[in-house]
Amino acid sequence: MEQKKTEQILHLLAKDSRLTNQEIAVMLDSTEDEVAETVHQLEKDKIICGYHTLVDWNKVNDEDVTAVVELRVTPQGGDGYERIAEKIKDFPQVETLYLMSGTYDFLVMIKGTTLKEISLFVSGNLASMEEVQSTTTHFALTKYKELGVSFATPKSDKRMVVTP
Amino acid sequence: MSDSMRELLSKTVTNLKPSGIRKFFDVAKEIPDCVSLGVGEPDFDTPWHIREAGIEALKSGKTFYTSNAGMPELRKEICDYKKKKMGLTYDPMKEVFISVGGSEAIDVALRALLNPGDEVVFVEPCFVSYLPCIVMAGGIPVSIPLKEENEFRLTPQELEAALTPKTKVLMISFPNNPTGAIMEREDLEKIAEIVIAHNLIVISDEIYSELTYKSEHVSIASLPGMQERTIVIDGFSKAFAMTGWRLGYALGNAEIMEQMIKIHQFAIMCAPTVSQYAAVKAMKDGEKDVVMMRESYNQRRKYLMNEFRKLDLPCFEPYGAFYAFPNISEFGMTSEEFATRLLHEEKLAVVPGSAFGECGEGFIRVSYAYSIEELKEAMRRMGKFIKSLRSK
Ligand SMILES: Cc1ncc(COP(=O)(O)O)c(C=O)c1O
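For the record, the sequence lines run as chains A and B.
Every letter in the first sequence is one number past the one before it in the working numbering, and letter 88, counting from 1, is 88.
Every letter in the second sequence is one number past the one before it in the working numbering, and letter 282, counting from 1, is 282.
Okay, chain B solo, but in the shape it has when bound:
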């Protein structure tokens, strides 16, 4: 493309760094016989009865648009489900909307809230889309680098220190991708106090809310005074192994939802219809599948943590999602170098922590959405690699 044409591209977009994961994917996919622990999605197929509901929808010609906010039946099922899980009541007609994955809901929430120059405080390491979405919505991203010594939880001191008079939104995500960290009720209570005192809105990405292994997930929205000022993002990808169906949702205050639905209506129209039918089935009958998958992830989690202990690889205990975030700083190289060498020398793919924010430097993300046999082979390779590094 000629320079004069390149000038026509949006500066906001061209200035965004491409995703570090994308770069790593391009390398990894060229390596034959590569064993991967690099994936951020379940290894389970979508449960058959849910797929069948999708097939049934196709067969009976449910191939038209739905209402912008999503099928009323699905919105009602989601509100019932969340009532059971969070103890909060949301109005299916006004306080929930169905999005194209949690991803779209994150983008739309930010766009509905931000005026140019508004600051958004968000925790890092985090999912790759937060910073670019904040920037594209005209906001100023203010990152709080979370610390390993706090088990990658957000502390009230860290939050206070990041706030300015321009802060409008706090974005959090627990259980966390990539660290696997969770926040428990006591942790959240202190954060909620500050949020209310400073009149902030919280975007809480709870896409992994079903996958916790210590105590049941607590949503910050369920704390006193927080429901109206929290936008909860959730979806079907992780809990129900439905990543490719592209379906998520947002819950929150009716006035905020109204604005979010406006954006969604103009940009997207509606979420995929077939997926919405499948999701109704997931909400109605998917609980036992979630329990089975959670149990399985938990077994793998314990297996993996034990392997790390055997390798003397320091890793804080992650109680959520399906990731572990071991510390590789002893090897004196960047996480990208570590991951690249591991890939070339042992054909094992993990994701460099730095792909999730600068403070992820010194860590790697290891996904345990893999069978025990795969984890075994992967840990054999990891062990060999680490031994060779230590022997030098």
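Isolated chain A (complex conformation):
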């Protein structure tokens, strides 16, 4: 499949992963088989890394706690950051991990059920790593938007119902 169409498939699925291969084929003037094959290849190449659902967990239980942890580290050797990242990303509590420019090195997003649980995780598992110099933990209070989707306020059409 041509590169442009492959990219269009990715854009469509990134917005709505429940679109069927058949629906995508219609929108891109392709065939269901061709789309299926392309998606399969994208999955194999780990370009498509998963299909997730955006949930506003606060509506289900407000027990969930999200924290953002800034880590400063002292990397050892040429691939020092890589090796630290490998260790951190294996913790199931870690949802998102970035290497950053600026005043700290890693940004770690963690989800837990209580403040205490997260604090224990940070002190027990992150702060205790020998490469880690310091941690700063911020707890999120309200989530307004994720992956381009606004929470809380329902999406409303700002246009009038009928216009010429």
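Please keep in mind that the hints were generated in silico from the structure rather than gathered at the bench.
Honestly, I wouldn't trust all of these hints.
To list a few chain B residues with every Cβ distance to chain A over 12 Å, as calculated [stated by the list, open to error]:
| no. | residue |
| --- | --- |
| 1 | Met1 |
| 2 | Glu73 |
| 3 | Leu113 |
| 4 | Leu114 |
| 5 | Glu148 |
| 6 | Thr243 |
| 7 | Glu255 |
| 8 | Asp285 |
| 9 | Ser388 |
Calculated pairs, PhoX-like style, for lysine-lysine (alpha carbon to alpha carbon, straight line, at most 20 Å) [to be verified]:
| no. | chain 1 | residue 1 | chain 2 | residue 2 |
| --- | --- | --- | --- | --- |
| 10 | B | Lys347 | A | Lys155 |
| 11 | B | Lys347 | B | Lys387 |
| 12 | B | Lys347 | B | Lys384 |
| 13 | B | Lys29 | A | Lys158 |
Glycine is no exception: its CB is placed at the ideal position from the N, C-alpha and C atoms.
Given the structure of chain A, go ahead and fit chain B with the ligand onto it with the hints provided.
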């Protein structure tokens, strides 16, 4: 109002029929949870960098009148942009003027051209303002009802048949609202020949010129001998998702523009200044946004057409704008009845074809300036409605 006072109102205006869309809007807005495919404007917000240019203009106090014809910088950007798109050179100082939407440019063009009794041939179905604007400018509207079997394109035979010695202007609009029809180069060449032979002026409303899905838009002005006798109307509303900014423009022969600017100068003074600053940004850096939106409309267009096929609802393939115009004549009711029942029974709003001229009877305008999820839900409702009609 007393009868004697009512007598004071203009006969020309009171005799105009109110817009069929307006009537339908009044009904639709009262229906809660209504899903609408009835809108004639993009669902995208104006791209952020363009909005920012507007905000910046406000912040730095760009809150004064501009020159009547519009900011020279914007006129120059438009001419450069059109040079790239149409291959035509227009003089930014004399051959373009910035209007309050394409709407104003349509009105002003007609007023600059018409003497009482001049005939204006225009194609229907069409945008709701053409006929009233012709009448208010003192012209005689002569409609050419376009046909589905010609994919709602204007044929040379149809044009020839509508001409009289009084015909002065031909008004066309492709890509078309409400049909989504386009005219390609070969179609336009035959029309241009007739226009030149009969010494007509063309008002070509090309507000959807950026939104075509088969081949690049061709302007009739770009055909040999046509630039000087064509007034091209375009604007920012559709291509750049800027309907509320109220900004459009007209391009054409300097002598015609001079007269149009005269009217604009006395009636309007100048187009909104903040919008003009935003538009400069759109002309300079908006191309990638247009490409993204066009791609998205095209996906929805194909999705919608496929849904119509699944429902066995006949619809010619529209290659422009963001409308489809399915044929609902099999159900044995007027398009207004169809749309009204669809609205009440399934809470789905579409616009009756008859709102765009008598020959729109038997069709409905379905806009696909909506997300795929919205289109899905709308088509589910449409399917349910059609099935219930067919089962009777
Ligand atoms: C064919 C056509 N011309 C002109 C206009 C007017 O657009 P604006 O005045 O927003 O530029 C519209 C808007 O719906 C249209 O569909």
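Verification of the hints:
No beta-carbon of chain A is positioned within 12 Å of the beta-carbon of Met1(B); the least distance is around 27 Å. Listed as outside the interface, Glu73(B) is consistent with that label: its C-beta sits roughly 30 Å from the nearest C-beta of chain A, beyond the 12 Å cut-off. The claim that Leu113(B) is not at the interface with chain A holds, since no C-beta of that chain comes within 12 Å of its own (minimum 23 Å). Here Leu114(B) stays apart from chain A, with its beta-carbon at least about 23 Å from theirs, past the 12 Å limit.
With a closest Cβ-Cβ approach of about 21 Å to chain A, Glu148(B) is found to remain outside the 12 Å limit, as its non-interface label requires. Once the 12 Å rule is applied to beta carbons, Thr243(B) is inconsistent with being away from chain A; the minimum gap is 8 Å. Remark: the non-interface label on Glu255(B) is consistent with the geometry, its nearest Cβ contact in chain A lying 31 Å away (cut-off 12 Å). For Asp285(B), the shortest C-beta to C-beta distance to chain A comes to about 21 Å, beyond the 12 Å cut-off, and the non-interface label holds.
Residue placement check: Ser388(B) keeps its beta carbon more than 12 Å from all beta carbons of chain A (closest about 23 Å). Simply put, Lys347(B) and Lys155(A) have alpha-carbon atoms about 19 Å apart, close enough for the 20 Å limit, and the pair holds. The suggested pairing of Lys347(B) with Lys387(B) holds, with an alpha-carbon distance near 15 Å, which does not exceed 20 Å. Taking the CA atoms of Lys347(B) and Lys384(B), the gap is near 11 Å; set against the 20 Å cutoff, the hint holds.
In summary, the hint linking Lys29(B) to Lys158(A) is supported, as the alpha carbons are separated by about 13 Å, within the 20 Å threshold.
Hint 6 from the list above is the single one not met by this structure.
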